[in-house]
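*Asks:* All chains should be modelled from the sequences, with the hints used to inform the complete structure.
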Amino acid sequence: MKKMLGILLAGAMMLSLAACGSTGSEAANGGSTAEAAGASSDLKVGVILIGDETEGYSAAHITGIKDAAAEVGLTDDQIIWKYKVPEGAECSDAAEDLVGQGCDLIISNSYGHQTYMVETAEKYPDTTFVSMTGDFAAISGLDNFKNAFTAVYQSRYVSGVVAGLKLQELVESGTLTPETQPNSFDADGNVKIGYVGAFPYAEVISGYTAFYLGVKSVFPTVTMEVMYTNSWFDIDKEGAAAEALIANGSVIVGQHADSTGAPAATQRKKDDGVICYSIGYNIDMLETAPTAALTSSTNVWKAYYAELLTAAMNGEEIPTDWAKGYDDGAVAITDLGPECAEGTAEKVAEVEAALKDGSLHVFDTANFTVDGQTVTSAPIDLTYYDFSSGEAVAVYQGETKEAIHDGYFDESTLRSAPYFALHIDGIVEDSEPVA
Amino acid sequence: MAAHTSHPAEPLVRIARRKAAPLSRKIAVRAAAILLALVVDALFIFFVTGLNPISVYVVMWGGTFSTPVRFSWAMRDLSTLLCIGIALAPAFKMRFWNIGAEGQVLVGGLATALIMVYFGNSLPAPALFAAMVLGSVAAGALWGFVPAWFKARWNTNETLFTLMMNYVATSIVACMTNIMRGQASSLGTLNKATKAGWLPIIFGQRYTINIIVVLVLTFAMYAYLKYSKHGYEIAVVGESENTARYAGINVRRVMVRTMLISGAICGLCGFLIVAGKDQTISTTSAGGNGFTAIIVAWLAKFNTFYMALISFLLIFLERGASEIASAYSLNEYAADIITGVILFFILGSEFFINYRLIWRGHHKEVKGE
Numbered sequence: 012m013k014k015m016l017g018i019l020l021a022g023a024m025m026l027s028l029a030a031c032g033s034t035g036s037e038a039a040n041g042g043s044t045a046e047a048a049g050a051s052s053d054l055k056v057g058v059i060l061i062g063d064e065t066e067g068y069s070a071a072h073i074t075g076i077k078d079a080a081a082e083v084g085l086t087d088d089q090i091i092w093k094y095k096v097p098e099g100a101e102c103s104d105a106a107e108d109l110v111g112q113g114c115d116l117i118i119s120n121s122y123g124h125q126t127y128m129v130e131t132a133e134k135y136p137d138t139t140f141v142s143m144t145g146d147f148a149a150i151s152g153l154d155n156f157k158n159a160f161t162a163v164y165q166s167r168y169v170s171g172v173v174a175g176l177k178l179q180e181l182v183e184s185g186t187l188t189p190e191t192q193p194n195s196f197d198a199d200g201n202v203k204i205g206y207v208g209a210f211p212y213a214e215v216i217s218g219y220t221a222f223y224l225g226v227k228s229v230f231p232t233v234t235m236e237v238m239y240t241n242s243w244f245d246i247d248k249e250g251a252a253a254e255a256l257i258a259n260g261s262v263i264v265g266q267h268a269d270s271t272g273a274p275a276a277t278q279r280k281k282d283d284g285v286i287c288y289s290i291g292y293n294i295d296m297l298e299t300a301p302t303a304a305l306t307s308s309t310n311v312w313k314a315y316y317a318e319l320l321t322a323a324m325n326g327e328e329i330p331t332d333w334a335k336g337y338d339d340g341a342v343a344i345t346d347l348g349p350e351c352a353e354g355t356a357e358k359v360a361e362v363e364a365a366l367k368d369g370s371l372h373v374f375d376t377a378n379f380t381v382d383g384q385t386v387t388s389a390p391i392d393l394t395y396y397d398f399s400s401g402e403a404v405a406v407y408q409g410e411t412k413e414a415i416h417d418g419y420f421d422e423s424t425l426r427s428a429p430y431f432a433l434h435i436d437g438i439v440e441d442s443e444p445v446a
Numbered sequence: 440m441a442a443h444t445s446h447p448a449e450p451l452v453r454i455a456r457r458k459a460a461p462l463s464r465k466i467a468v469r470a471a472a473i474l475l476a477l478v479v480d481a482l483f484i485f486f487v488t489g490l491n492p493i494s495v496y497v498v499m500w501g502g503t504f505s506t507p508v509r510f511s512w513a514m515r516d517l518s519t520l521l522c523i524g525i526a527l528a529p530a531f532k533m534r535f536w537n538i539g540a541e542g543q544v545l546v547g548g549l550a551t552a553l554i555m556v557y558f559g560n561s562l563p564a565p566a567l568f569a570a571m572v573l574g575s576v577a578a579g580a581l582w583g584f585v586p587a588w589f590k591a592r593w594n595t596n597e598t599l600f601t602l603m604m605n606y607v608a609t610s611i612v613a614c615m616t617n618i619m620r621g622q623a624s625s626l627g628t629l630n631k632a633t634k635a636g637w638l639p640i641i642f643g644q645r646y647t648i649n650i651i652v653v654l655v656l657t658f659a660m661y662a663y664l665k666y667s668k669h670g671y672e673i674a675v676v677g678e679s680e681n682t683a684r685y686a687g688i689n690v691r692r693v694m695v696r697t698m699l700i701s702g703a704i705c706g707l708c709g710f711l712i713v714a715g716k717d718q719t720i721s722t723t724s725a726g727g728n729g730f731t732a733i734i735v736a737w738l739a740k741f742n743t744f745y746m747a748l749i750s751f752l753l754i755f756l757e758r759g760a761s762e763i764a765s766a767y768s769l770n771e772y773a774a775d776i777i778t779g780v781i782l783f784f785i786l787g788s789e790f791f792i793n794y795r796l797i798w799r800g801h802h803k804e805v806k807g808e
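Those protein sequences? They're chains A and B, same order as listed. Position one of the first sequence corresponds to residue 12 (my numbering), numbered consecutively onward. Position one of the second sequence corresponds to residue 440 (my numbering), numbered consecutively onward.
Since the hints were made in silico from the structure, they are not lab data. Remember, predicted model here, so these are calculated numbers, not experimental data. Heads up, the beta-carbon is just placed ideally off N, CA and C, and yes, glycines get one too. Among these hints, one or two may not hold up.
Just a few of them, taken from the derived set where beta-carbon distance is under 8 angstroms, the chain B residues facing chain A [said to hold, decoys possible]:
#1 V508
#2 R509
#3 S625
#4 L626
#5 T723
#6 S768
#7 E771
*Replies:* Structure, rendered in structure tokens:
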């Protein structure tokens with residue numbers, strides 16, 4: 012009992028110490044609020060991140076938000092950051108805490124945050140919640156819950172064009188022939204390429220199909236193998252998948268996974284004398300793979316955040332589903348690597364311009380077939396399901412809408428999150444993920 | 440022969456066990472430890488991060504105390520940590536090193552989640568909750584029973600055994616969550632549409648029941664260890680198995696029974712986490728509390744009321760650290776250093792309460808003390 016009293020007293024002393032301190036800092040806080048009052052808006056933004064600046068995906072969001080804030084004139088103390096928030100109950104805690112700190116706008120950057128964000132959004136109808144990469148804002152029936160995603164399939168298509176030009180150069184120069192690298196040609200004489208995918212979701216399928224179609228638009232005799240890692244970030248598995256793909260004959264290795272594992276492995280194989288190149292994702296891979304990296308497709312999150320912050324500051328309506336691509340500068344490819352084919356930059360500029368003005372559609376139905384047939388109809392069920400009991404239970408009922416019109420599959424317009432999930436001819440998914 | 444006051448062979452300082460220190464001394468030592476920790480932290484904060492130490496301390500304090508809801512979250516997290524501490528207390532008092540609380544909590548949580556999902560629509564609420572509680576308790580008890588039985592039967596090493604059981608539990612949970620998420624990319628909350636199996640909201644929070652249950656357990660376990668015959672048997676087995684045998688205590692039975700209880704409470708904690716706190720299950724549902732709780736149980740010497748205080752301190756430091764990281768855009772590691780220093784000094788102060796240092800040549804003063 013005595014001991015307990017001792018602990019209690021020690022605790023009490025700590026309290027009084029901290030209490031003494033608090034007077035000092037209130038003054039300091041007072042100073043900063045005065046500063047904020049001088050800013051053009053009293054908007055307060057809360058940001059919930061799955062990682063921190065040391066993790067590429069979150070780092071891209073941090074940069075995007077900071078750049079956008081600087082552009083629209085938001086000061087540092089108008090943004091509250093929550094780092095390393097897991098996709099669990101911690102996320103609803105973080106969101107609720109940000110509400111408590113006076114945030115008017117709360118952004119989360121990972122897909123799995125969505126189901127927790129929506130709970131908090133239900134509780135606080137006066138605060139706006141944006142779940143980046145989420146997919147059920149429009150059918151949630153909440154006015155204060157939003158989704159956004161970039162049309163990254165467009166930049167994947169462009170990165171595919173870069174890869175296609177390289178293939179063309181390799182074949183036309185006689186560097187890559189059935190004699191020099193027999194493994195890289197299938198029985199029909201198609202050149203093999205590969206793709207390291209994270210999970211077999213629409214987001215990844217949409218991405219690799221766009222990439223493949225980009226390659227095919229330049230170099231038509233091509234076939235692609237997709238290998239999954241079942242992880243968004245796993246350097247070892249991504250490296251192992253790239254090595255396996257190259258061993259199977261892939262000349263180009265694309266990726267939809269967040270690490271540098273695949274480009275690093277491709278560079279090692281290239282240094283061993285194999286003809287192989289890498290197309291990265293998110294960040295410039297030239298540091299990791301100085302000669303093997305051709306380019307990477309990236310998101311330019313700033314494009315969205317600038318629009319979001321401006322709308323929030325002016326009290327304007329925030330779009331429920333935001334998805335823009337080249338037309339808004341929301342996607343891009345990184346600097347071209349030294350071994351890119353001649354004339355790549357010109358071709359890229361041409362394709363980007365066509366995507367921008369809408370004369371080119373990535374998923375033009377004239378350019379792909381499923382089971383040998385041209386696809387004329389692709390109904391998309393927008394309902395959000397819960398599969399946990401073994402059967403699909405609709406959590407938010409959505410309509411089923413037709414995605415194909417005017418001869419192309421219209422990606423990311425029915426909702427911001429990708430939904431292209433057709434398995435087109437020429438691409439083979441490995442049934443087993445990489446070991 | 441003249442006595443040498445400082446013999447060359449005498450060490451500079453010797454450590455001797457202190458008889459029960461007076462309360463005033465305990466308070467003084469702990470207060471000094473906290474003060475010293477705050478000073479060392481202030482130096483770190485000022486010279487490494489360049490921030491004002493006082494305002495950092497205020498932010499840290501605010502992690503738990505700035506708003507009522509933050510305080511209530513602290514209570515919720517405290518109840519989880521304390522619940523596992525309570526579960527571990529009888530096992531550790533028996534000197535049975537149960538490192539497997541993490542796994543026992545996970546299987547309890549998994550049992551809860553499975554019952555919640557597969558019977559959520561068919562059972563009425565009271566029966567569903569009863570099934571969830573029973574399922575979680577049984578699963579946790581099983582996870583505690585297996586290593587205990589092997590130890591009682593073949594004297595296997597329980598530290599390794601319980602530790603390994605954690606990995607088994609984690610893998611089973613990983614496998615099941617993968618099955619349950621179906622075509623979705625992550626599992627999300629369970630029974631989102633029906634909210635079946637979610638604990639009811641009381642006083643505005645779902646986890647109010649968690650706090651009440653753990654409060655009851657705190658008293659119950661205190662009484663069990665201190666006043667029951669079982670508690671006495673546990674203490675005797677912990678002191679010496681041979682003495683226990685000599686006194687006619689069935690050591691094997693006590694061992695298995697105690698681990699069943701330990702595992703069952705861990706399993707119940709899994710139920711509270713899934714039904715009252717997270718409404719979902721994942722490999723990180725126990726969140727390392729199974730290991731932190733070992734510190735809690737040991738520091739409190741298995742007194743459940745001290746455990747509550749120590750849990751509170753740990754939760755306060757943890758919430759303070761993440762608040763510092765958020766408020767100053769500091770890397771979380773820097774915030775962890777700040778709380779780590781405080782914890783280090785508080786733990787270190789126990790040494791000065793239980794032991795004294797005898798400096799070379801200070802015999803007389805020490806004797807006079």
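*Asks:* Report the numbers of all earlier hints that the structure fails to satisfy, in ascending order.
*Replies:* none
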